[in-house]
Amino acid sequence: MDWQLIWLFLQQGVASGLVTGSIYALLAVAIVIIFKTTDAPNFAAGELFMAAAYVALYLLVFLALPFIAVVPLSLGVAFIAAALFYRIVLQKIGSSAAVTVNVVIATLGLSFVLKGAVRKTGVGDVPRSFPSIFGNDTITIGQAVLTLQDIGILALAVVSMTIFFLFFNFTRTGRAMRAVGMNPKAAVLVGINLRRTRMLIWGLSGLLSSLAALLIAPKILMTADMGSVVILGFAAAIIGGFTSLPGAVLGGLIIGIAENLVGLFISSRAISVAPFVAIMLVLVLRPQGLLGGKVAVKKV
Amino acid sequence: MKTMFRAALTGLVLAGAAGFAAQAFPIKAGQGSYSDPGITDDTIKIGLFAPLSGAALAYGEDPLNAARMWYDMINGMGGIWGRKVELVIEDDRCNANDLVAAVKKLVEQDKVFMLNGGSCSAAAVAAQEYVTRAKIPYMMLNASGDGALYPPTDYIFGAASISQRAAGGTTVDFASRHLKGKKIGYINHDDAYGAWNLETAQFTAKESGATLSVESINPNITDVTAPMLKIRAANPDVLILTTYARPATLIVKKAHELGMKMPIVLAVTGTANLKQLVENVGTKDAFKNFYVQDVINDTPTGPKQKWVIDMYKKRYPEMAAKPDHPTPYMPYGIPSAQTVTNALLLAGPNPTREGVARIMRSLTFESGVMAGLISYGETDRAGQESSIFLKFDGDKQDLQPGTYVSRWVYKP
Chain A
1262 MDWQLIWLFL QQGVASGLVT GSIYALLAVA IVIIFKTTDA PNFAAGELFM AAAYVALYLL
1322 VFLALPFIAV VPLSLGVAFI AAALFYRIVL QKIGSSAAVT VNVVIATLGL SFVLKGAVRK
1382 TGVGDVPRSF PSIFGNDTIT IGQAVLTLQD IGILALAVVS MTIFFLFFNF TRTGRAMRAV
1442 GMNPKAAVLV GINLRRTRML IWGLSGLLSS LAALLIAPKI LMTADMGSVV ILGFAAAIIG
1502 GFTSLPGAVL GGLIIGIAEN LVGLFISSRA ISVAPFVAIM LVLVLRPQGL LGGKVAVKKV
Chain B
9 MKTMFRAALT GLVLAGAAGF AAQAFPIKAG QGSYSDPGIT DDTIKIGLFA PLSGAALAYG
69 EDPLNAARMW YDMINGMGGI WGRKVELVIE DDRCNANDLV AAVKKLVEQD KVFMLNGGSC
129 SAAAVAAQEY VTRAKIPYMM LNASGDGALY PPTDYIFGAA SISQRAAGGT TVDFASRHLK
189 GKKIGYINHD DAYGAWNLET AQFTAKESGA TLSVESINPN ITDVTAPMLK IRAANPDVLI
249 LTTYARPATL IVKKAHELGM KMPIVLAVTG TANLKQLVEN VGTKDAFKNF YVQDVINDTP
309 TGPKQKWVID MYKKRYPEMA AKPDHPTPYM PYGIPSAQTV TNALLLAGPN PTREGVARIM
369 RSLTFESGVM AGLISYGETD RAGQESSIFL KFDGDKQDLQ PGTYVSRWVY KP
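Protein chains in written order, with this note's numbering: chain A, 1262 to 1561; chain B, 9 to 420.
If you are wondering where the hints come from, they were derived from the structure by calculation, not from laboratory data.
Keep in mind that this is a model prediction, so the values were computed, not measured.
Hints may contain errors.
[Unchecked claim] The calculated lysine to aspartate or glutamate pairs, modelled on EDC-like cross-linking and capped at a C-alpha distance of 20 Å, are: (1) B:330 - A:1386; (2) B:119 - B:44; (3) B:292 - B:403; (4) B:292 - A:1398; (5) A:1381 - B:332; (6) A:1381 - A:1486; (7) A:1381 - B:99; (8) A:1381 - B:106; (9) B:269 - B:306; (10) B:283 - A:1263; (11) B:296 - A:1386; (12) B:419 - B:386.
[What the hints assert, rightly or not] Taking beta-carbon pairs under 10 Å as the criterion, some of the chain B residues facing chain A (in silico): (13) 137; (14) 220; (15) 223; (16) 232; (17) 234; (18) 238.
[To be verified] Taking CB as the label site, the calculated pair distances span: (19) B:97 - A:1378: 47 to 57 Å; (20) B:332 - A:1272: 49 to 59 Å; (21) B:118 - A:1381: 21 to 31 Å; (22) A:1378 - B:142: 36 to 46 Å.
We put the beta carbon where it would ideally sit given N, CA and C, even for glycine.
Bound conformation, chain B alone (with noise of 0.2 Å):
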């Protein structure tokens, strides 16, 4: 409990606030007309969504319970000013209409003051002309998002997790400090997801005096044979992969096959079960010159991530108790959630979507949760910036040594 006040208060001090932090919590808020719907002297409703059904339901389920637990456990303390957090939910099946869909039922039948969902960049882009144009603040759960993020909008806000950008740049800067790569082989995806990535692995790759050989493979291929006898023939010292669980095991799976031993890197986006990673390559032996990426601030089980697992557990017992559970990507819905309280804290009594947009432009805070601050700017949309990595033998995970931020800068 003690680190669930810290991770909130300690946001507060870094917003500029702290002279009212330690007593916003349990104030009433004053009585009074609000020129925003969603908003009663007792409650201000949120706008929560995420694929809850369907194939993308692990990106979706667990960050949005995570999320859910955030504003309870504020709602215990108090609510914000006084004010309890009332939560609409729905399942935006990580599909681009059901998601755009899904946040116009919430603004406009269930008049929710604000967003907070998403975990599918694609699906979450979608919403951007609408959200801008209803000028309502929208934090996206634990979707990247960089094609709503850069440019930068007044009202759109993401990479709780992380940004693709910051993904691509992060994992170059390990594979050539700490694994000393300087032929760096890329396998990403062949869509605007890749390209946001690739986009920072080639100026971090350049920054840091390494070339990149780019492998871009469609997300449904079936045979990598032929990105992978090219990757082989630039004999890389270090394989980078960006791509999601499935092709990253086609290629893990290959890559042993045919016999290559440099390490391999897989980014935090085909991390979501490593347990099944290991059983889909078939071998342990494929993993053991093996690191992974991660966005939180210690391995899964680790001490500081901790207090997260704990609440969950007391939360939601029932699906605590279910095999891989909780999912690794469950942390990321925390500082979502932290992002919109925070704002709703700092915007004072009487909030306005346009007062809580203009806060969350330019606030910094610790999650408690995440290997980086979130932090957002003028220029910057993506809160999440930072990756740690742990080596992985198939079955125990290993931190490596350092935080890894990424330098990319995005110049209108």
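Excised from the complex, chain A in its bound form (with noise of 0.2 Å):
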């Protein structure tokens, strides 16, 4: 392999990486405010992904709305189904013991209802396209070709990034849910309001999840499988450190591109193996992750 190989491989390498990277941290996001708040892994985060986006579907292609009622619309289904859960099943089973495990039980089971009922509909079963909000001209940065697609995947997950960002560190809500996540008796001492701000909290992640699923769907195909790409932002949720926001950025971005590199590099086989690669190595080397603070040591 010549030099100039390597450098174009590394340039295309980088620039696909961090367009799939920024689904990733997108996704690790949605499980990791989840996981702040709950103590539980969000198990139904893929599934969440993949209704939102066969919702999407229908809106945009049997309903034929146009896409600027389309996007709002899929949001704020996705933000109400994920808080209704929340405060239909979730908070029932908050009053039970074993909370932690039921919890995550029941986020298993509201996956399978979800790829159930997507299965049911008949859509789910052949590949389908979303259309492309930003069309599929392509350009060249440096040596890399990406399409206009890919340029509007990594804008929108930028920006919608640094909304959360802005909206956990500058709001009330925001800052109630941290408070929440950090403490939740002490935050009920000081006035929040525990239930609503969960729900609220699973609304997010279903807002969230829906926004990766309307950018990555035109990209990935649908399927009523396509929600095991949630297995990569579990990652990069592990890689970032589980309890850190930016950490899942940094950990979804990582993962994007050491995909590629490992594809071209090492081998194309290796492409699937790579994530797992890299969370073993940070679990051996850092075990709270890269961005995880210290190993917090819980009293009982």
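Reassemble the complex: the two chains are provided individually, in unrelated frames, and hints are given to aid placement.
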């Protein structure tokens, strides 16, 4: 392999990796905000992502609504559905013993329900394309070829994550959410409505999943199994530190780039293994994740 | 109807049974007791299964419909040795556990005489151990099932559509002979399925004096940038894809984005819905130099396929009225069911499982549907090993000259 080819591979690998990595980052943020406030991973994150994509497809293709209506409607449906799941199911579970295990099982249940529901419609049986908002014309940056869709994905993902960062740091509701994540009991003592805040967090997580779905669906094709991509969101969250939002973003980008570089410089067969090798390396060398802070020991 | 009879009867002639072929269908079998379950004086029970729900429904539903209409036709002609074929149908969901459970139910509860089913290779292969132990003749529906076909066992037969080994070998043969490819890019799955077709692709490339640049990808891959950049760097004359439809779509799209102009040959595994493929890729420009492999004896709408399509429309008018029906994989169910009915016919009026399996091990017949003969041998359990190729411009399919027969032979 000559230097010219290595340079080309590096440019294209990093550029394409940033695009897919930004989607993993969005999914990782959706996972982390739930984990920070409930201490349980949301195993339905992938299916929320998948179902949101199908809702958008239904609105766009079957109801023939314009994009400008489809985007807010899809985000709204995902927000409400996820918030209602918390309100109707998880809040009940919250009053029982072994809360974390029950929450995990409930999210697994939701994932089966959503996948089954999409399959039942018959629409999920064949891979379908989701129309691209930005078009598929290509542009060349250096030697890397990207589509307008790629640029759009990266730009929107960065803007969305910036908005979320500002929301969590500079708004009253965002700060309340962070307080709930840090210490729910103390948050209640200072007047934060725990249930309402957690419901909002679930809604936001659904909204983020929906946004990721709207952005990536034109690139990866839609099937009822497309939610499996969320495993890379989990990998990103673990690499970044499961409780760190900036870490989740960093983890997503690392995985996106690592997948491409491993595929280009080692083997295409190794692409699917790369995220898990990265997880193992991070867990061995820095168990709390890249930006996860010090390992905290819970007092019992 | 004439073609249907010819298909059935040619099979018998080729099988060396012409002597009683002409009178076989209407003859009443002798009264008596039978050593194997699932058979009476008036009926013979066959377990028929395929994925009838879930994501793989498109792979199994229509082939099963085709098999069922063949059995119905045989029953309409008086059955086999006077016995009507009684079908017990199960949904295997394209899943190994579900398929094995379905097979066990069919054998142990429904007491079928033999099995005919499976559209997904990994799932069908999972039944190997049980079927071999139970000594039940098992003809796969449209699964390639190479893992259960080689090394050969006495009871398992498959690849009525095409074996993966033959699919890989014949695509390379086409790329080399018809498209004059000397450097061939080859993208397959990184699983057993991909390994089977790669084995013969490498064998055929070596025989043809061509070189292969292979990229093996995960079937669930979301970003094909890396393998496609490596293929572009290898600068092949032809690119062959033996992946499923979803990764194939991503690859065709990426090839177009990267400005790759070489001919692309898509193996039959990715051709379930060509209209959807074009829609998903987003532009017909990506199909300017595009070929698809098929394993039937004509274009899907060609005159040689007419009898199957007509039969389907008559038997399933509601299904035929649905968009994209019959599906491209529908005809594959016919040679599978023909294998079963021809073997039962040749096994005589008092068939045993052992006798039917023995007949199947040397059965050869012309299906009237597929690109090549359906043929089994002492070391060969794959029924169909030939391909045709169609140039596809995103709209029309033009048959390319020649039928490509796999030259790979299993060596124990």
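Hint by hint, here is what the structure shows:
no., hint, result
1, B:330 - A:1386, "holds, 15 Å"
2, B:119 - B:44, "holds, 9 Å"
3, B:292 - B:403, "holds, 8 Å"
4, B:292 - A:1398, "holds, 14 Å"
5, A:1381 - B:332, "holds, 19 Å"
6, A:1381 - A:1486, "holds, 13 Å"
7, A:1381 - B:99, "holds, 15 Å"
8, A:1381 - B:106, "holds, 19 Å"
9, B:269 - B:306, "violated, 27 Å"
10, B:283 - A:1263, "violated, 41 Å"
11, B:296 - A:1386, "violated, 28 Å"
12, B:419 - B:386, "holds, 11 Å"
13, 137, "violated, 28 Å"
14, 220, "violated, 14 Å"
15, 223, "holds, 5 Å"
16, 232, "holds, 9 Å"
17, 234, "holds, 3 Å"
18, 238, "holds, 7 Å"
19, B:97 - A:1378: 47 to 57 Å, "violated, 26 Å"
20, B:332 - A:1272: 49 to 59 Å, "violated, 41 Å"
21, B:118 - A:1381: 21 to 31 Å, "holds, 28 Å"
22, A:1378 - B:142: 36 to 46 Å, "holds, 38 Å"
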